[in-house]
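Once you have looked at the hints, place chain B on chain A.
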Amino acid sequence: MLTKELVAASTVPLVLSVLTEGENYGYALIQRVRELSGGKIEWTEGMLYPVLHWMEKEDLIESEWREAETGRKRKYYRLRKEGRKALKEEKEQWLTVHETLATLWKTSLSLT
Amino acid sequence: MVNRPRNSGNFMENVSQFDLNASLGLWLERLAQAPHFRNENVAEMESHVRDSMTKLQSQGLSEEESFLVAIRRVGTVGKLEPEFAKVNRSPWNMIIHGVILAFFSVGCWILWALLQVPWMLIRMLSDAPPLPAFTRLLMGCSPFLVVPPLLALVYCLYALNKKSDVRPSWRRFLAATVGAILLLAFPIIVAVLLYFVE
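These protein sequences, in sequence, are chains A and B.
Numbering-wise (the numbering used here), the first sequence opens with residue 4 and increments by one.
Numbering-wise (the numbering used here), the second sequence opens with residue -17 and increments by one.
One thing to keep in mind: the hints can contain errors.
[Unchecked claim] Only part of the chain B face toward chain A is listed, based on derived beta-carbon distances under 7 Å:
1. Ser29
2. His30
3. Asp33
4. Arg54
5. Gly57
6. Leu62
7. Glu63
8. Val69
9. Trp91
[Unchecked claim] Computed list of lysine-lysine pairs in DSS-like fashion (alpha-carbon distance at most 30 Å, straight line):
10. Lys109(A) with Lys61(B)
11. Lys94(A) with Lys68(B)
12. Lys91(A) with Lys37(B)
13. Lys88(A) with Lys43(A)
14. Lys43(A) with Lys60(A)
15. Lys76(A) with Lys60(A)
Treat the hints as calculated values from the structure; they're not laboratory data.
All values reported here derive from a predicted model rather than from experimental measurement.
Idealized CB from N, CA, C, for every residue including glycine.
Only chain A is shown next, with the shape it has when bound in the complex (with noise of 0.2 Å):
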C-alpha cells in the first residue's frame, strides 16, 4: 500500500492521465485506478471529488451532467486542453523522480 502523502501527490496526474483514455465520472474514475495499481491506490473514495472540483477550477478538466445507460444521472468529466498541458508537465517531473531513484538504487545494488 502507498503511504497517504504519496497518493495525495499521484492523485492529479492519475487523474489526468485516466482521463486521456476518455471521459468518465468519478467512481469508474476510483475503480480504474484500483485496477491499474492492483488494489495498490486506494483513495478514501470521497475526497476524489473535491480534488476533481479543485481540477475543474483550474481548467484542466470540465464536467457535465447526463444521463447515463442506467437511467440515473452522473457527472461526466473529460481532459482540457490545460489539463494534457499541465499532464505533460507531471509526466517529466514524475519520470525525473523515477528515474533518478532507479540510478540511485541501480547503484546502491550493484554495490551491496
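Showing chain B alone in chain A's frame:
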C-alpha cells in the same frame, strides 16, 4: 427447526425493515447540512453511492450491506468537509466581514463624536458647568477609540489570509463587534449624560 438461530426472526425483520431511500436520504441530509457541501456535491455523492452499491450488489452483497460499505468507502462527513471547504469557499464571507468592519468603524467614530459634545458645549457656552471627572477621563481616552477598528481590521486581514481549511465565520465577527460597541457605548453614554445631569 432445532438448529434455527434464535434471532433469525429478528434478522428477517431487519432485512425487510431496511429502506434504502430513507437511509440514503438521511445520509445525504447529513452531507447537505455540512456548511461547505453544495447541492451539486450532494447529488454527485448520491450518484457515487448508487454506482458503488450496484457494483457491490453484483458481488453478492445485500442492499443494506452494499449501502453500508459504499458510504463507509466514501468517508465520513467530518473527513470530507475540510476538503470540500477548500474548493467551495464563498467570497461572501469576506465581503460580509468587510461590511461589518465598516459599520463597526462608523460606530466607534460616532462614540468618539459623542464624547466631543461636552467639550464643544464648554467652548460654545461661557457659563457651561465644569466637566465631571469621569467624563474628563473618558474624553482623555477618546483617541484610543481608533484601536478597536484597527484590531478588527487586523482580524479581517488575518481571516482573509488564513491558510486553514475553514475560514472564520462572519456571525462570530458580528457578535464580537456588536458586543464591543455595546461595551464601549455604555460608559461613554454614562459619561456624556453625567455632564448634562450635573
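We went through each hint and held it up to the structure:
Of the supplied interface hints, the one on Ser29(B) holds, with its beta-carbon coming within about 5 Å of a beta-carbon of chain A, less than 7 Å. Of the supplied interface hints, the one on His30(B) holds, with its beta-carbon coming within about 5 Å of a beta-carbon of chain A, less than 7 Å. The beta carbon of Asp33(B) is positioned within 7 Å of a beta carbon in chain A (closest approach about 4 Å), and the interface hint is therefore held. For Arg54(B), the interface hint is violated, the least distance from its beta-carbon to any beta-carbon of chain A being 9 Å, above 7 Å.
The interface hint given for Gly57(B) is met, as the beta carbon of that residue sits about 4 Å from the closest beta carbon of chain A, less than 7 Å. Below 7 Å, beta-carbon pairs count as interface contacts, and Leu62(B) has one with chain A at about 5 Å; its hint therefore holds. Interface hint status for Glu63(B): violated, as the beta-carbon distance to the closest one in chain A is roughly 10 Å, over 7 Å. Restraint check, Val69(B) versus chain A: the minimum CB separation of about 4 Å is within 7 Å; hint holds.
Residue-level restraint check for Trp91(B) is violated (minimum Cβ-Cβ distance to chain A is 40 Å; threshold 7 Å). With a C-alpha separation of about 40 Å, the suggested pairing of Lys109(A) with Lys61(B) is violated against the 30 Å cut-off. For the suggested pair Lys94(A) and Lys68(B), the alpha carbons sit about 26 Å apart, so the restraint of at most 30 Å is met. Note on Lys91(A) and Lys37(B): the hinted pairing is violated, with a Cα-Cα distance of about 33 Å set against a maximum of 30 Å.
Of the supplied pair hints, the one linking Lys88(A) and Lys43(A) holds, its CA atoms being roughly 27 Å apart against a limit of 30 Å. For a cut-off of 30 Å, the pair hint linking Lys43(A) to Lys60(A) stands: about 29 Å separates their Cα positions. Proximity of Lys76(A) to Lys60(A) is assessed by CA-CA distance (about 22 Å); at most 30 Å being required, the pair is judged to hold.
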